[in-house]
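Turn these sequences into a full structure, and let the hints steer you where they fit.
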Amino acid sequence: MTILNPGLCATIQDLGRPYWLAYGVPSGGAADTLSHRLANYLIGNSANAATIEVTGGFSAQVEDGVWLGFAGFGGQLWIDGRAVPPGGRSLYLPAGARLEIKPNVAGVFSYLSALGGWDVPQVLGSASNCLAAGFGGLEGRPLRVGDCLTASQSIYKQAHDKLWISPWFVRPEVFYTVGPPETLRVMPGPEWDFWPPAEQKNLFQTDWLLTPRRDRMGMRLQGNALSCPADSTMLSTGVTVGAVQVPPDGQPLILLADAQTTGGYPRIAQVIAADLPKIAQRPTASVVRFELCDLEEAEILFFAQERQLEHIRIALGTALAG
Amino acid sequence: MSTVPDIRPLSEKALVITFGPNIDPMVHARVLDMADWLRAQPFPGFLAVVPAYVSLTLHIDPLLIRATWPGAGSPIRAVCSWLENKWPNLPQYPRQTIDPVDIPVYYGAENGPDLNAVAAQTGLTENEVIRLHSETIYTVYMIGFLPGFPYLGILPPALELPRRATPRVRVPAGSVAIAGQQTGIYPQASPGGWHLIGRTDLQLFDPQRNPPALLAPGDRVRFVPSGP
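Protein chains in written order, with the working numbering: chain G, 1 to 322; chain A, 1001 to 1228.
By construction, these hints were calculated from the structure, which means they are not laboratory data.
Simulated coverage check for chain G against chain A, where a stretch passes if three residues somewhere in it have a Cβ under 8 Å from a Cβ of chain A:
no., stretch
1, 131-143
2, 269-277
3, 294-303
Taking CB as the label site, the calculated pair distances span:
no., chain 1, residue 1, chain 2, residue 2, range
4, A, R1164, G, A95, 52 to 60 Å
5, A, P1211, G, E139, 18 to 26 Å
6, A, R1008, G, G96, 51 to 59 Å
7, G, A315, A, D1102, 54 to 62 Å
8, G, P283, A, R1209, 33 to 41 Å
Glycine included, each C-beta is placed from N, C-alpha and C at the ideal position.
Encoded structure:
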C-alpha cells in the first residue's frame, strides 16, 4: 500500500514498550488503545499487531490485495470515492483500490490494521514509532507521501477477487461517545494536597478548553488558572500517562501515550485508565469537565471496559470464522 | 536507613515508593536497592521500575495481577500491601565499586555556547568552570526527559545557577549542560533550558543496543576535557 496523503501525523503503533522506562524511553503505543485493538480484532489479529495511527485525514493506493481493519473516531472511510457506512469494519481491498479517510470533527485518531500487522521492524520490543528519539515505526519517523507498507502475511486468509466490506460492524459508541457530555473522570494526583480546597474545587468547576498545543506526548488545557501551589518545588519523579500536571502558569497539562518518563510539575489529578482513550480522542477546541472518581471505582470501570472488549473480540472471531 | 518509605498508588497501573524528602546519596541508594531487588525477582504483572532522586515508580499490568494473584481485589492496592510487608527485608546491594564512565567533552566555543556566560554569572574564569565541572565524580540519579538523558549530581555549589530565562528551541545532540544542582547530557537534539558548557561525541542512546542507554541510574560518571 502506497501512502498518497499521510495527513497531520500518521505513525505506526502497537501497544508500546513499557519495559525501558528506567532508560527514559516512553512507553508509547496507540493513543487510543481501544480503537487500535478493535482494528486488529476486526481481522483476527492479536492485540499487539502494528496498526497505522491516522490523525485526521489520510489516503493510500493499494498495490497488492490486502485485508484491512478500520476503527476509531478520526474520520470516515471512503473506498474508490464511495463512503463506507460508519462503524469499525473489516475489508478486503483488491489491487488498484484507493482508500481515503476524510477527517471529521468528532474525534482525532483512526486506526488501520492489516492482516498479521503492518510489516515494520521491532525496536526495543515494539513496532511503535518513538518520535522523541526517532526510532521504531517506519524508519523512525511519521509516514510520508510515497511510503510503501505491506502486511506481514503472518496469518493466511484467502484473497477475494473484488472489494469486500464486512456487513457486520462495531459501533464506535460501544466504549464511549466523543460528543457532549464531555466529562473526564480523575482521581486525586500524588500532589493533590499541594492545593487548598478552593483550588481543588476550581479544577472540577472550570470548563477546560483543549488548546491546539497538543501532540502524542501531551495536551495543554486552558481555563480558570489554578494557583501555583505554595510547595511547588518538587524533585523530578516517575510520571504516568494520564497525569494532570500543573506548570507554573496554572494551565493544566495532561500526559498522553508518548509522555516523558519523569517530570517535575506537581500533579493535581490522574485521569482514570478507562477514560484515557476518550481524552486522546477529544478534538481540539472542545471543552472538558473533570469529575472525581476513587481508585477502586476506576479499577472496576477499567476491568469492565477490558471485559467488554474481550467479548467483542470473541464475537468478531465467530463472525470471521463464519 | 530505617526511615519508613511512603508507598502509594499513582493510578490503576503505577505506584510510587518515596524514601526521603531531599536529594541524599543514602536515600538514592535505597531507591536503587529497591529497583534492583524488584528486578531480581519480578512478579507476574511487573512491567518496569523508574528510579528517581528520592523515589521509585513501579509500573504494573493490573490485568495480569488480577489473573495471577489470588484474592487481589484491587491489584494496585495488593501490590502496595505486598511492598509494605516486604520493604523491611530489603537487602543493601554493594555500590561504588564500579569504575566511573569517562565522558570526553569539548568545552566552550561553539560546543558550549554558554560557558562564557556561566563564567560571568559565577564570577569564575572559563578554565575554573571546566576544572570544577570535570574534577567531580557524579552519580546518575535518574534517566528521564529524553530517552537516555542522565540527571547527574551533585554539581559543585560554585556552579549552581537557575535555568536560562528563555529556553533554547534546539539544543544539539551531545550537549553537556548544567542547571541547579544538576548536570546532564542531551542524547538527542531537543528544546532545552539548561546552560550548555560543552559537547561529547559519545552516543548516549542507541535503540539497537541492549540496554539502549549508555548510562543507568546508579552509574558514576566523570567528564574528561578533551582537545582542541
